[in-house]
Every structure is written in structure tokens, then in C-alpha cells.
Amino acid sequence: MASLWEYANPKKFIATSDRVLPYLGGLALVCLVVGLVWGFWFTPEDFRQGHSVKIIYLHVPSAFMAINAWIMMLVASLIWIVRRHHVSALAARAAAPVGAVMTVIALATGAIWGQPIWGTWWVWDPRLTSFLILFLFYLGYIALWAAIEDDDTAADLTAVLCLVGSVFALLSRYAVIFWNQGLHQGATLSLDKEENIADVFYFPLLVCIAGFVLLFVALVLLRTQTEIRARRMRALQARERLG
Amino acid sequence: MIALLTRDLRLALRTGGGFGLGLAFFLIVVVMVPFAVGPRADLLSSIASGVLWIGALLACLLSLDRIFALDWEDGSLDLLATAPLPLEGLVSVKAFAHWLTTGLPLVAAAPVLAVMLNLPPQGFFPLILSLLLGTPALSVIGTFGAALTVGIKRGGLLLSLLVLPLYVPTLIFGAEAARRGAEGLSITTPLAFLAGITCGTIALLPFASAAVLRINLR
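Protein chains in written order, with this note's numbering: chain U, 1 to 243; chain Z, 1001 to 1218.
Careful, some of the hints might be misleading.
[Claimed, not checked] Straight-line alpha carbon distances no greater than 20 Å define the calculated EDC-like cross-link-like pairs of lysine to aspartate or glutamate that follow:
{"id": "1", "chain 1": "U", "residue 1": "11", "chain 2": "U", "residue 2": "149"}
{"id": "2", "chain 1": "Z", "residue 1": "1153", "chain 2": "U", "residue 2": "227"}
{"id": "3", "chain 1": "Z", "residue 1": "1153", "chain 2": "U", "residue 2": "152"}
{"id": "4", "chain 1": "Z", "residue 1": "1153", "chain 2": "Z", "residue 2": "1078"}
{"id": "5", "chain 1": "U", "residue 1": "11", "chain 2": "U", "residue 2": "151"}
{"id": "6", "chain 1": "Z", "residue 1": "1153", "chain 2": "Z", "residue 2": "1071"}
{"id": "7", "chain 1": "Z", "residue 1": "1153", "chain 2": "U", "residue 2": "149"}
{"id": "8", "chain 1": "U", "residue 1": "12", "chain 2": "U", "residue 2": "227"}
{"id": "9", "chain 1": "U", "residue 1": "54", "chain 2": "U", "residue 2": "149"}
{"id": "10", "chain 1": "Z", "residue 1": "1153", "chain 2": "Z", "residue 2": "1074"}
{"id": "11", "chain 1": "Z", "residue 1": "1153", "chain 2": "U", "residue 2": "151"}
{"id": "12", "chain 1": "Z", "residue 1": "1153", "chain 2": "Z", "residue 2": "1088"}
Quick caveat, the hints were computed from the structure, so don't treat them as lab data.
Next up, chain U with everything else stripped away, as it sits in the complex (with noise of 0.2 Å):
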């Protein structure tokens, strides 16, 4: 019987991830096309934020990615540890940067959504600090991998790093919004939740968060393959030394 777990050959990896490849980044192409064009010009105008209120488009969909990407990367390192599987790995090495890319977007997105309609590029708020912080986490766990010349080492390393990451990150949410108790108002957020949204602003969005987890499959498919071959290639050189 076929287990999943086949797929933690890197050969057979890479033989069906290129085979998914092109349909998942066409199908995220389309989302993402599909998504944004509707958002940007076939939603009326918010009463209140006029035009600005398009950003939620790029915003939602990237700050939403740049939390799963972090829970991603905890199941895979996760995985490596129990299991010892390479691919699960280079895959959580792979999505990192991708996370952090993510966390920028959702960051900028909001600084420049921020301006017109808070006065301000940035306030201490939690969900603001906490997005820095992961940011920040995101950093680290790169600088991690690649600071470490050994691959298993910096493998179990950046896995361990990930775990306790994961709890402290959980606990600065927390703390970040404990420690802004009272002091911001919530009404203006609330639009992020997506119960508070009307359904002309609600499908289009859901359309640009698939385009999103897509794009993100999609990358991380093809940057842990790119990882696998790098590696591949760097035993290659290392025989080549040798002999």
C-alpha cells in the first residue's frame, strides 16, 4: 500500500512534485489573477476608507500565510525530528524565507494602509508587535542555516529552534496584547475578521487567500527541490575531492 511516507524520497519527491508543479502554479496564477482583479476593480468603495480599503486583498491573504508558513515549518521540523526524513527538512528550510517574505508584505501592506486611515505608518499595537516579533523569529531561523556548515547538525538545530520558537511566539502574543491592554481601540481592526466583512468584500478574498496557500505550495515545492539538488550537487563536488 502507498504511504506517504514514500514521498520522503527525495527521488520520488521530486519526480511528483515536478509533475504537480505547473498545475499548481497555474491554478495559483488564476486564483491570484482572478482574485485581485476582481478586488481591485469590480468591489464598490467602503464608505468610510474609500479606495484604500482594497489593500485587504494583498494584507489578509499574505498575513495569514505568514502564520501558517511558521506552523508549517513546526510540523515539518516535527517530522524531521521524530522521523528523520531529509525532505521534511529542506522543506521547512525552504519555506522560511518564503514566511518571512510574507510577514514583510503583511507588514508593509498594512504600514501603507496604516497612513491614510490610522495617521500613522506604525503604533505599538499587539497584532502589529506580534507580526515584528515573528518577523524577527523568521530572521533568526534563517541566520540559523545558514551560519551552520553541517547539514544534519543545522537540520536538528534550526528543528529544535523552531519548537521553542513556536512556544515563545505563542507567549509574545500574549504578552504584546496583554501588555497594550486598553490602549488601542479594536473597532478599526475588526475589519480583518472576516464575520465583519460583507460578502461583496468576502468571496474575492477568499479567492486571493487560495491564490495565496497556492503560491505558497507552489514555492516551497519548488525551492525544496531546488535544496535537494543543491545538496546533491555539493556531494557531487565533495566526491570529486576526494577521488
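Chain U is already provided as a structure; the job is to place chain Z on it using the hints.
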């Protein structure tokens, strides 16, 4: 364990730097702040607790890479790892020694420096209490960071990048408790959270540090 503790303490005392450097750095940070923000007493007293917490955190960060680096370089870390003491115990002792040599002097120096920053008198006790509760967590988290980066040459910058986000919750609750104390509000909740973080890190992080150290010594 006690032999290891006394050895670490003696090393910190005699090699210099370890003991005094953190304190001197703490002093410098606190002295520099009035130059930067201007010597207005009302302004200083409102930011005093936060400045003292930041100063303590940075001073703690400064000495982190000394926890394992020296033992790693001269090979005694390998010997310690093969000793009958479990690695988790070794890591805890190291963290405790780090706290005794940096955390505790910082707590002791904080009231003196608080006077220089015009901290209101009712804020002294909460400040000392919050530092006393919070600095062990800083040492334990820092030991984890030091264990992570022990094999890396010139890992100091990486160490601070890794450790600083982990310090965020401790800093928030610690500074919050000190600030509320200075303003005469109730400090029970942030102190309880702070104590929770400290107990949690002391209970769990030595296992992560030991695991990481094992990987690095492989």
C-alpha cells in the same frame, strides 16, 4: 554539581570581565539615557523602570557567549559532557552560575541606578521584585541560545538575533510590573505571569539546551 558551580564562579571572578563587565555596561546604559533624552526629571522618572529593564537585559545579553564558548575552546566542555552528571544538570548549573554572576549583581545595582533616574520611591520594591523574578528566565533562555551557537565561530551577533525575540515576553511582563509599581498600580497580574514564564523556562528549557548541546558535541 556544586564543584562545577564553584568552578564556574571562580572562573568568572578571576578571569575578570564576566563579573564586572555586565555591571559596568548596565551603569553606562543608565548614565547615557539622560544625555540622550535630556535631564528632565519628570520624563526620566516615567521611563526609569523601562530603561532599567532594557539595561539589565542588554547587560545579560553581553555575557551570554561566555557561558559555553571558553569551555568549548579548551575542550573542557567535552570532558564535562562525559562526566557522570547528566547534560541537563550541567546546563542548569551553567545557567545558575550565569545568573549568580550577572543577574544577581544587576538586581543589587538596580536601586542605586534607579535613584539616578528619579524612580518614584514606591517603585523600588516592584522593580527589584520584577528583576529578581525575571532575570533567572533571561539566564536560562540565554543558556539555550549559547548552546545553540556554541559551534559557530563569532556567533555573538547570531546569538543576540536568536535570543532577543525569545526575551520579549519576559521583558514585557517584567517592565510592565515595574512600571505599574512606579505608578502605584497593582502589580500582581504581571508578576504572576513573569513568575510563570520563569518557572516554565527553568523547568523545560534545560532539556532543549541539553539536546542542542548534544547535537553540537556530536
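Hint check results:
no., hint, in the structure
1, U:11 to U:149, "violated, 24 Å"
2, Z:1153 to U:227, "violated, 24 Å"
3, Z:1153 to U:152, "holds, 18 Å"
4, Z:1153 to Z:1078, "holds, 17 Å"
5, U:11 to U:151, "holds, 19 Å"
6, Z:1153 to Z:1071, "holds, 14 Å"
7, Z:1153 to U:149, "holds, 11 Å"
8, U:12 to U:227, "holds, 15 Å"
9, U:54 to U:149, "violated, 45 Å"
10, Z:1153 to Z:1074, "holds, 14 Å"
11, Z:1153 to U:151, "holds, 16 Å"
12, Z:1153 to Z:1088, "violated, 24 Å"
Checked against the numbered hints given earlier, this structure breaks hints 1, 2, 9, 12; the rest are met.
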